[in-house]
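A.B. asks: Residue numbers (our numbering), protein chains in the order written: chain A, 1 to 363; chain B, 1 to 289.
Hints should not be assumed to be uniformly reliable.
Claimed, not checked - Partial list, computed: chain B residues near chain A (C-beta under 10 Å): (1) Asn17; (2) Arg49; (3) Trp57; (4) Val164; (5) Asp257; (6) Tyr259.
To be clear, the hints were calculated from the coordinates, so they are not data collected in a lab.
Since the model is a prediction, treat every value here as computed from it, not as a measurement.
Positions of the beta carbon are idealized from the N, C-alpha and C atoms, including for glycine.
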Amino acid sequence: MYVAVKGGEQAIANAHRWMADRRRGDRHQPELQTEQIRDQLGLAVDRVMAEASLMDVELAALALKQASGDLTEAVFLLRAYRTTLPRLADSVPLKTEAMHVERRISAAFKDVPGGQVLGPTYDYTHRLLDFMLLAEGEIPDPERAQAGLEACPQILDSLDAEGLIEKELDDGTEPYDITRDPPDFPVDRATRLQMLARGDEGYLLALGYSTQRGYGRNHPFAGEIRQGTVEVEIEVEGFDAPLCIGEVMISECQMINQFGGSREKSPQFTRGYGLAFGRNERKTMAMALIDRSLRAEELGEPVQGPAQQAEFVLAHADNVEASGFVSHLKLPHYVDFQSELELLRRLRREHDLREPSEQERPV
Amino acid sequence: MTLRVDDQGGLAYSGYNFAYLDEQTKRMIRRALLKAVAIPGYQVPFGGREMPMPYGWGTGGMQLTASILGADDVLKVIDQGADDTTNAVSIRTFFERVAGVETTTSTAAASVIQTRHRIPELPLSRHQILVFQVPIPEPLRFIEPSEEETRVMHALEEYGVMHVKLYEDIARHGHIATTYAYPVKVDERYVMDPSPIPKFDNPKLDMNEALMLFGAGREKRLYAIPPYTQVKSLDFEDHPFEIQSWDEACALCGASDSYLDEVITDDQGGRMFVCSDTDYCQQCRGEVA
Chain A
1 MYVAVKGGEQ AIANAHRWMA DRRRGDRHQP ELQTEQIRDQ LGLAVDRVMA EASLMDVELA
61 ALALKQASGD LTEAVFLLRA YRTTLPRLAD SVPLKTEAMH VERRISAAFK DVPGGQVLGP
121 TYDYTHRLLD FMLLAEGEIP DPERAQAGLE ACPQILDSLD AEGLIEKELD DGTEPYDITR
181 DPPDFPVDRA TRLQMLARGD EGYLLALGYS TQRGYGRNHP FAGEIRQGTV EVEIEVEGFD
241 APLCIGEVMI SECQMINQFG GSREKSPQFT RGYGLAFGRN ERKTMAMALI DRSLRAEELG
301 EPVQGPAQQA EFVLAHADNV EASGFVSHLK LPHYVDFQSE LELLRRLRRE HDLREPSEQE
361 RPV
Chain B
1 MTLRVDDQGG LAYSGYNFAY LDEQTKRMIR RALLKAVAIP GYQVPFGGRE MPMPYGWGTG
61 GMQLTASILG ADDVLKVIDQ GADDTTNAVS IRTFFERVAG VETTTSTAAA SVIQTRHRIP
121 ELPLSRHQIL VFQVPIPEPL RFIEPSEEET RVMHALEEYG VMHVKLYEDI ARHGHIATTY
181 AYPVKVDERY VMDPSPIPKF DNPKLDMNEA LMLFGAGREK RLYAIPPYTQ VKSLDFEDHP
241 FEIQSWDEAC ALCGASDSYL DEVITDDQGG RMFVCSDTDY CQQCRGEVA
């Protein structure tokens with residue numbers, strides 16, 4: 001006799017307890033500390049912070065630990081926490097030109113004012129497993145240039161002086177806030193950039209890649225990629241100048257793309273822009289490609305590739321939304337399924353009445 | 001976040017506002033709800049927040065419930081008509097913890113009912129609010145994927161494509177092949193997705209005494225059917241709307257007027273049919289929930 005499934009509450013509690021046991025693993029091994037995650041899995045921490053839109057290395061490390069290293073789950077945990085925080089102040093726009101640069105490269109110029117700085121990177125490493133890391137060993141301190149960097153002007157500004165690249169001016173419009181209000185398609189560039197900045201890295205990477213392979217090609221050069229810390233400033237009543245409340249590590253990418261121009265306007269390079277919390281170079285590069293491809297309509301280019309269709313790109317970029325809706329297929333759907341069964345059986349019955357069944361049909 | 005014993009002697013999480021959302025957010029949602037009630041069937045954009053549950057698992061319904069819940073409310077949560085399905089249990093437990101409200105499995109005893117995929121069999125009263133969880137609020141979405149386009153179609157009452165779709169079903173299958181999330185026209189104006197309820201439940205939407213609210217968290221849209229609103233399922237004169245029927249009655253309570261779930265009982269093709277609405281089934285059997 002069928003008995004309606006009872007005790008879901010107990011089952012859920014037990015499932016979570018089992019999961020916690022799995023997460024802890026072999027009790028003979030020391031438990032992973034969030035400080036270790038923060039310091040030794042820094043790029044994972046950075047990715048979680050970028051996609052969760054919350055800069056907090058401690059909490060991102062905690063989310064990673066709690067999620068057993070599942071990045072998407074960790075992003076979700078941190079994002080859900082973020083929602084509960086009050087909005088105390090809005091910062092003034094970050095001055096990325098005043099960044100304390102740790103890494104800064106340009107693929108467009110051999111040398112640039114302020115110099116090329118490789119900084120910490122996996123670029124140019126031979127991707128050979130380093131078996132030394134299996135054993136505990138001392139890692140030597142880094143060798144760094146003695147002289148601090150000079151002022152580091154934005155490389156694209158040097159093109160700007162000659163009028164070779166489109167100008168980007170702050171028109172003073174209050175930006176739309178996608179965390180407070182639902183995006184209303186079609187959305188402006190500032191809103192698009194917000195949505196891309198918290199978009200899933202893998203998704204942006206694939207779409208950015210698609211533009212390089214011809215689906216909405218726009219021929220980019222990596223004009224400048226920089227990483228480092230910038231000051232976050234807020235305006236406080238009673239003070240003339242904004243006050244610095246701390247520093248954040250960010251990555252920024254500015255792509256130089258092929259020309260726009262018209263009969264009235266002489267041709268100019270165009271721009272694609274990427275920005276993310278932490279060391280997220282791959283993500284910012286992909287973001288810059290997509291930012292540029294989403295400007296197709298504005299720049300009078302034919303919209304042909306998926307990466308040029310704003311509503312498609314933006315509505316599916318958020319991995320918290322995407323993983324939620326995909327995973328909801330695990331929830332019971334037996335009422336709807338029953339509806340389909342009932343209809344399908346009826347249709348088959350009616351079909352059989354109209355047509356002799358295949359077995360009865362003469363060969 | 002710590003567990004504490006609340007005034008009613010239940011366990012509640014401290015550190016969060018009553019019913020989880022902060023009051024500003026609730027106010028924003030209530031404003032949107034007022035607009036939705038004023039324009040029945042119209043999808044109102046709202047600043048949906050992340051909830052500590054995944055999108056697609058009822059975050060829209062939960063935000064609406066959180067916004068309308070008061071300390072005196074009695075909450076019932078169902079999924080597929082049942083109070084004891086895992087997600088219904090999870091959402092009910094959530095509100096027990098963050099709001100400390102009384103919960104029930106009895107349809108009649110509840111003042112707020114959050115539901116996924118069903119409308120309870122027992123007729124609702126004007127003292128009740130039914131909150132639906134909605135995955136895709138746009139009834140035209142699978143005909144026209146762009147939000148920009150569908151908004152214009154609603155504004156112009158350009159619903160011909162929907163009838164064409166239903167007609168194509170009839171041409172191909174002899175029947176309209178939509179069995180759940182069956183589109184309705186609300187108050188002779190907006191075509192609306194009633195959420196993935198079976199079309200069996202569609203007639204209950206019409207002139208219902210209760211206020212019905214619909215929340216789509218991921219899509220950040222909400223809409224409403226106020227009490228006593230005319231809701232008509234789309235159809236044709238020669239192919240009138242009809243609901244599902246079964247040859248069987250419920251194997252547990254014998255009801256022949258309720259929506260039945262099919263349960264496979266063995267690997268020899270054995271099956272039985274039982275009420276999807278567990279509270280209704282229990283009431284029919286004279287049990288106390």
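A.B. asks: What hint numbers does the structure not satisfy?
C.D. replies: 4 and 5
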